[in-house]
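Protein chains in written order, with the working numbering: chain E, 1 to 319; chain X, 1 to 319.
Simulated from the structure, these hints should not be mistaken for lab results. Errors might be hidden in some of the hints.
Pairs involving identical chains hold if they fit within one copy or between any two copies, as the list cannot separate such chains.
As the list claims (entries may be wrong) - Taking lysine to aspartate or glutamate and the DMTMM-like style, the derived pairs with C-alpha atoms no more than 25 Å apart in a straight line are:
{"hint": "1", "residue 1": "Lys314", "residue 2": "Glu109"}
{"hint": "2", "residue 1": "Lys314", "residue 2": "Glu160"}
{"hint": "3", "residue 1": "Lys182", "residue 2": "Asp40"}
{"hint": "4", "residue 1": "Lys102", "residue 2": "Glu293"}
{"hint": "5", "residue 1": "Lys314", "residue 2": "Glu155"}
{"hint": "6", "residue 1": "Lys199", "residue 2": "Asp3"}
{"hint": "7", "residue 1": "Lys199", "residue 2": "Asp277"}
{"hint": "8", "residue 1": "Lys162", "residue 2": "Glu273"}
Number of protein chains: 2
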Amino acid sequence: MSDLPSFVHIQEVGPRDGLQIEPKFVETADKIRMIEALADAGCREIEAGSFVNPRAVPQMADGDAVFAGIRRREGVAYRALWLNAKGLERAIANGHVDVNGKLTLTASETFVRRNTNRSIDDTLAQMPEWIAQYRANGIAVRTLGLMAAFGCNFEGYIPEAKVLDLIARAEEVMAENGCTLKTVSLADTMGWASPLQVKRLVGAVRDRWPEMRIKLHLHDTRGQAIANAVAAMELGVAYFDSSVGGLGGCPFAGHKGAAGNVSTEDLVFSCHEMGIDTGIDLDALVEVARMAEGLVGHELPGKVMKGGTLTRYKQAAPH
Amino acid sequence: MSDLPSFVHIQEVGPRDGLQIEPKFVETADKIRMIEALADAGCREIEAGSFVNPRAVPQMADGDAVFAGIRRREGVAYRALWLNAKGLERAIANGHVDVNGKLTLTASETFVRRNTNRSIDDTLAQMPEWIAQYRANGIAVRTLGLMAAFGCNFEGYIPEAKVLDLIARAEEVMAENGCTLKTVSLADTMGWASPLQVKRLVGAVRDRWPEMRIKLHLHDTRGQAIANAVAAMELGVAYFDSSVGGLGGCPFAGHKGAAGNVSTEDLVFSCHEMGIDTGIDLDALVEVARMAEGLVGHELPGKVMKGGTLTRYKQAAPH
Numbered sequence: 001m002s003d004l005p006s007f008v009h010i011q012e013v014g015p016r017d018g019l020q021i022e023p024k025f026v027e028t029a030d031k032i033r034m035i036e037a038l039a040d041a042g043c044r045e046i047e048a049g050s051f052v053n054p055r056a057v058p059q060m061a062d063g064d065a066v067f068a069g070i071r072r073r074e075g076v077a078y079r080a081l082w083l084n085a086k087g088l089e090r091a092i093a094n095g096h097v098d099v100n101g102k103l104t105l106t107a108s109e110t111f112v113r114r115n116t117n118r119s120i121d122d123t124l125a126q127m128p129e130w131i132a133q134y135r136a137n138g139i140a141v142r143t144l145g146l147m148a149a150f151g152c153n154f155e156g157y158i159p160e161a162k163v164l165d166l167i168a169r170a171e172e173v174m175a176e177n178g179c180t181l182k183t184v185s186l187a188d189t190m191g192w193a194s195p196l197q198v199k200r201l202v203g204a205v206r207d208r209w210p211e212m213r214i215k216l217h218l219h220d221t222r223g224q225a226i227a228n229a230v231a232a233m234e235l236g237v238a239y240f241d242s243s244v245g246g247l248g249g250c251p252f253a254g255h256k257g258a259a260g261n262v263s264t265e266d267l268v269f270s271c272h273e274m275g276i277d278t279g280i281d282l283d284a285l286v287e288v289a290r291m292a293e294g295l296v297g298h299e300l301p302g303k304v305m306k307g308g309t310l311t312r313y314k315q316a317a318p319h
Numbered sequence: 001m002s003d004l005p006s007f008v009h010i011q012e013v014g015p016r017d018g019l020q021i022e023p024k025f026v027e028t029a030d031k032i033r034m035i036e037a038l039a040d041a042g043c044r045e046i047e048a049g050s051f052v053n054p055r056a057v058p059q060m061a062d063g064d065a066v067f068a069g070i071r072r073r074e075g076v077a078y079r080a081l082w083l084n085a086k087g088l089e090r091a092i093a094n095g096h097v098d099v100n101g102k103l104t105l106t107a108s109e110t111f112v113r114r115n116t117n118r119s120i121d122d123t124l125a126q127m128p129e130w131i132a133q134y135r136a137n138g139i140a141v142r143t144l145g146l147m148a149a150f151g152c153n154f155e156g157y158i159p160e161a162k163v164l165d166l167i168a169r170a171e172e173v174m175a176e177n178g179c180t181l182k183t184v185s186l187a188d189t190m191g192w193a194s195p196l197q198v199k200r201l202v203g204a205v206r207d208r209w210p211e212m213r214i215k216l217h218l219h220d221t222r223g224q225a226i227a228n229a230v231a232a233m234e235l236g237v238a239y240f241d242s243s244v245g246g247l248g249g250c251p252f253a254g255h256k257g258a259a260g261n262v263s264t265e266d267l268v269f270s271c272h273e274m275g276i277d278t279g280i281d282l283d284a285l286v287e288v289a290r291m292a293e294g295l296v297g298h299e300l301p302g303k304v305m306k307g308g309t310l311t312r313y314k315q316a317a318p319h
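Kindly produce the complete structure, drawing on both the sequences and the hints.
Okay, here's the thing in structure tokens:
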């Protein structure tokens with residue numbers, strides 16, 4: 001495990017990616033309370049809300065008020081999601097969003113058509129417009145997010161070569177438009193990845209782009225998310241998305257109650273037990289997970305919040 | 001991942017280790033139905049019941065009837081638990097138990113004293129009696145189970161050197177009594193292990209005893225069980241205990257509803273996705289997990305039973 005990083009940087013996505021699927025509206029003040037508690041626990045990057053169609057995602061209708069209401073903590077990046085030019089404009093106009101220049105592709109043709117009514121080629125063709133809009137606002141584009149990078153319920157496993165080809169094509173478009181691709185975020189959107197597949201894909205990306213920062217967005221739909229994260233960390237991956245308490249279900253799973261995003265506290269526990277720092281206070285984070293459970297009104301899938309941390313045992317132990 | 005085994009052998013422990021903690025008595029006929037369904041799904045070793053004090057574990061009071069009632073399937077070993085000479089005698093007398101000669105130690109002095117009112121030395125000193133009782137019944141002793149081999153709520157992390165020393169001492173006692181230690185089963189009884197610790201301990205045991213079969217009994221108390229299993233498989237470990245649906249809670253966890261045994265179907269999913277055979281039909285196993293959920297009357301922690309297998313997607317996928 002010689003490539004294990006010494007520090008893992010986690011983007012907490014619970015307040016956005018986690019909450020957006022919840023049917024019960026979480027009050028703006030409660031969202032803000034959760035986001036502030038996450039920052040207090042040591043989270044340094046928090047996806048705090050989105051600027052999308054409020055009719056499509058009513059839970060996120062209060063994006064402007066959430067960002068405006070957060071008591072900002074120094075050193076914390078408050079991120080948002082947008083899906084079109086208007087959303088990005090709203091995020092920038094809000095004035096409290098740490099806007100990162102990110103482009104998104106989907107590795108499954110069927111999935112992207114169903115979700116956006118556009119093909120992969122259409123998405124690539126639209127990238128120059130995105131880049132121009134970011135640039136007009138003084139924001140450099142350096143990140144590519146690749147959805148369904150491991151498997152897709154409509155297309156099966158995504159071949160490694162296809163993922164590499166899509167990254168290369170996006171990199172080319174970016175270069176033609178004056179940007180340099182620095183970070184690739186690989187998302188296991190439908191929970192298909194295994195630790196072996198993670199090692200193969202991460203290894204292939206690392207072989208081809210040795211300087212690229214690789215980030216993983218893992219789902220725990222089939223219980224493999226922590227194992228997948230560890231597999232990636234063994235290859236030096238040090239950037240992950242995760243969701244406090246495992247907030248957020250999976251609309252693509254076969255059964256109600258399926259898990260979605262990997263739980264932040266389970267991931268932090270894993271890191272700390274392997275000697276990897278995260279900057280996060282695990283016990284404080286577990287309290288936020290319990291707060292989140294109260295806010296959504298049902299049990300969350302995180303394990304450490306139920307099993308308990310080891311802190312009190314370690315303090316009492318003779319060695 | 002060059003040491004990944006081609007086949008992983010799973011002992012299904014749900015009907016005993018999983019059910020024993022359940023407050024609602026599961027009828028004998030239902031236990032038998034579950035055990036038979038597990039065998040039909042391809043499980044080749046099933047811990048089907050125990051011969052312990054029925055006042056201490058009322059759920060297991062029907063051990064004799066369960067074993068007598070199972071429609072036995074060829075090639076399946078039906079295992080039981082016993083904790084003293086009388087229990088072993090009952091298991092042998094039952095006539096339907098596949099009795100394996102196994103000795104048990106606990107790596108934490110405090111934990112073994114609290115559980116059994118005996119010290120580690122006392123436990124070692126009692127081994128010759130156990131061996132003699134097995135031998136009188138024509139059963140060879142070849143297996144050592146080591147509880148709390150990674151960490152203990154009372155003693156903290158268990159040092160690797162202590163684990164190696166205990167294995168060596170048990171091996172010596174066994175050799176002095178005409179037995180050869182062939183299999184060591186390392187149990188993460190209280191859910192302390194991390195993937196890094198698993199690699200270190202398994203590596204250390206493998207270095208010292210290259211021919212030893214290593215087995216892991218993992219708990220998912222803090223969400224690390226699949227990652228721990230994968231870490232072990234990467235070092236060639238091919239023997240695991242697990243529990244269908246993740247049946248069985250954890251009496252040592254800090255919170256009600258904490259997970260106990262790693263879920264069999266999540267482990268089988270992990271194996272199959274990495275090209276490792278288990279002999280188990282995952283879809284059939286998921287049906288048993290749902291049956292188990294119905295029998296205990298509450299949600300079980302297994303993920304694949306909620307997320308669904310990938311079978312139907314793979315069948316429909318173009319590649």
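Against the structure, the hints:
no.: 1; hint: Lys314 with Glu109; result: between (50 Å within a copy, 16 Å between copies)
no.: 2; hint: Lys314 with Glu160; result: between (43 Å within a copy, 17 Å between copies)
no.: 3; hint: Lys182 with Asp40; result: neither (29 Å within a copy, 51 Å between copies)
no.: 4; hint: Lys102 with Glu293; result: neither (30 Å within a copy, 43 Å between copies)
no.: 5; hint: Lys314 with Glu155; result: between (47 Å within a copy, 8 Å between copies)
no.: 6; hint: Lys199 with Asp3; result: both (12 Å within a copy, 14 Å between copies)
no.: 7; hint: Lys199 with Asp277; result: both (22 Å within a copy, 19 Å between copies)
no.: 8; hint: Lys162 with Glu273; result: between (35 Å within a copy, 19 Å between copies)
Going down the numbered hints, you'll see the structure goes against 3, 4, while the others check out.
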